[in-house]
Amino acid sequence: MTDESSLQKPDAPDSALTPAADGPLAGGQSGLNQAELDSARMSLIGHLVELRQRLIYSIIAIFIAVVISWVWVDDLFYLLMQPLRLAAPEGNLEVSQINHKDLTEPFFAMVKIALAAGIFASSPISLYNLWKFIAPGLYGSEKRVALPFVIMGTICFFGGAAFCFYMVLPYGYAYLIDFGMGVASNPELMLNEYLATTTKLLLVFGVVFQLPVITSFLAALGAIDHNTLLKHWRGSVIGIFVMGALLTPPDPVTQTLLSLPLCLLYGLSIGLSYIFSKGHKRRQEKAMKELDELF
Numbered sequence: 001m002t003d004e005s006s007l008q009k010p011d012a013p014d015s016a017l018t019p020a021a022d023g024p025l026a027g028g029q030s031g032l033n034q035a036e037l038d039s040a041r042m043s044l045i046g047h048l049v050e051l052r053q054r055l056i057y058s059i060i061a062i063f064i065a066v067v068i069s070w071v072w073v074d075d076l077f078y079l080l081m082q083p084l085r086l087a088a089p090e091g092n093l094e095v096s097q098i099n100h101k102d103l104t105e106p107f108f109a110m111v112k113i114a115l116a117a118g119i120f121a122s123s124p125i126s127l128y129n130l131w132k133f134i135a136p137g138l139y140g141s142e143k144r145v146a147l148p149f150v151i152m153g154t155i156c157f158f159g160g161a162a163f164c165f166y167m168v169l170p171y172g173y174a175y176l177i178d179f180g181m182g183v184a185s186n187p188e189l190m191l192n193e194y195l196a197t198t199t200k201l202l203l204v205f206g207v208v209f210q211l212p213v214i215t216s217f218l219a220a221l222g223a224i225d226h227n228t229l230l231k232h233w234r235g236s237v238i239g240i241f242v243m244g245a246l247l248t249p250p251d252p253v254t255q256t257l258l259s260l261p262l263c264l265l266y267g268l269s270i271g272l273s274y275i276f277s278k279g280h281k282r283r284q285e286k287a288m289k290e291l292d293e294l295f
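First residue of the sequence shown? That's 1 in my numbering, and the numbers climb one at a time after it.
Accuracy of the hints is not assured; some may be wrong.
Simulated DEER-style distance windows between Cβ atoms [as the list claims (entries may be wrong)]:
#: 1; residue 1: Leu264; residue 2: Phe63; range: 37 to 43 Å
#: 2; residue 1: Gln97; residue 2: Ile59; range: 34 to 40 Å
#: 3; residue 1: Ile134; residue 2: Val111; range: 29 to 35 Å
#: 4; residue 1: Lys112; residue 2: Ala245; range: 22 to 28 Å
#: 5; residue 1: Val49; residue 2: Asp75; range: 35 to 41 Å
#: 6; residue 1: Pro136; residue 2: Val71; range: 34 to 40 Å
#: 7; residue 1: Leu51; residue 2: Ala245; range: 36 to 42 Å
#: 8; residue 1: Glu105; residue 2: Leu147; range: 24 to 30 Å
#: 9; residue 1: Pro252; residue 2: Ile68; range: 35 to 41 Å
#: 10; residue 1: Pro250; residue 2: Gln97; range: 19 to 25 Å
Bear in mind the hints are in silico, worked out from the structure with no lab data behind them.
Each residue gets a CB set at the ideal place from its N, CA and C atoms; glycine is no exception.
Work the whole structure out from these sequences, hints included.
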């Protein structure tokens, strides 16, 4: 009997431990972890479904805009030729004539114009869908900060492109034409090269005119302030002129017409950053005061 009882004793802890391992606590913990995994998985799937939906909406908007642009592609081509006509010397419109290398080049050039115009025209809808995708993940205060900057960014993009079209391109092309004729050389402008240069400059000016919007947004979030911009203004001005030389044709007129507005926009960014950084500090002080009162 003694031997049998002694043999049974080691089994007692094992049987005692077994329910503990499989008990309600462990089962609950396992169930909780599984629930969290399922929730995370469903959340990820929901985000992917929402992303796909927003992409589909944006692609449909681009497609419709491209089709409409194709209907008016002749008028768009005439519009894109306007800076060159304004740049041509008076009474010498031959320099504004466009040539092409093969028979298919005009067709594909028109396709590119329709695509670029469609993407350009549908960009507000694309930005709206981007906003609808990221907005659910933002706090109310972040939404109040972000939405005005999305709207201002769109306005500044179109404003920069308009400044380029009506100011930079006519004067820049006029300088290049006069310089070429000054060395007894008549320009032979090719269709693809002209369209590539024009659309590139429109895009560049649209993007760089976002500078005040970006700096103001970062200041509103507390990432930078006006003191940072003031401290690095010399290096920023040098960087602006270097960027102007890299992004524009190699003539001083076009480079200056990009760099000088950028310098003015940098100064505007300093003033806006001062305003928005002060607002960020006030919000921080208010939040800290509320925490002190709470605890």
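Return holds or violated for the Cβ distance of proline 136 and valine 71 against the range 34 to 40 Å. Since the Cβ atoms of proline 136 and valine 71 sit about 37 Å apart, the hinted range of 34 to 40 Å holds.
Per the hint of 24 to 30 Å, is the separation of the Cβ atoms of glutamate 105 and leucine 147 within bounds? violated (43 Å)
May I ask you to test the hint 37 to 43 Å on the CB atoms belonging to leucine 264 and phenylalanine 63? holds (38 Å)
Should the hint that proline 250 and glutamine 97 are 19 to 25 Å apart at their CB atoms be regarded as holding? For proline 250 and glutamine 97 the Cβ distance comes to about 23 Å; the hint holds.
With 22 to 28 Å as the target window, see if lysine 112 and alanine 245 comply at their CB atoms. Holds: the Cβ-Cβ distance is about 26 Å, inside 22 to 28 Å.
Could you see if the CB distance from valine 49 to aspartate 75 stays within 35 to 41 Å? holds (40 Å)
Indicate whether the distance between the beta carbons of proline 252 and isoleucine 68 respects the range 35 to 41 Å. About 39 Å separates the Cβ atoms of proline 252 and isoleucine 68, which means 35 to 41 Å holds.
Does 34 to 40 Å hold as the CB distance between glutamine 97 and isoleucine 59, or does it fail? holds (37 Å)
29 to 35 Å as the expected CB spacing between valine 111 and isoleucine 134, which holds or is violated: Given range 29 to 35 Å: holds, Cβ gap about 32 Å.
Satisfaction of the hinted span 36 to 42 Å by the C-beta atoms belonging to leucine 51 and alanine 245: Given a distance of about 39 Å, which is inside 36 to 42 Å, the answer is holds.
Checked against the numbered hints above, the structure breaks only hint 8 and satisfies the rest.
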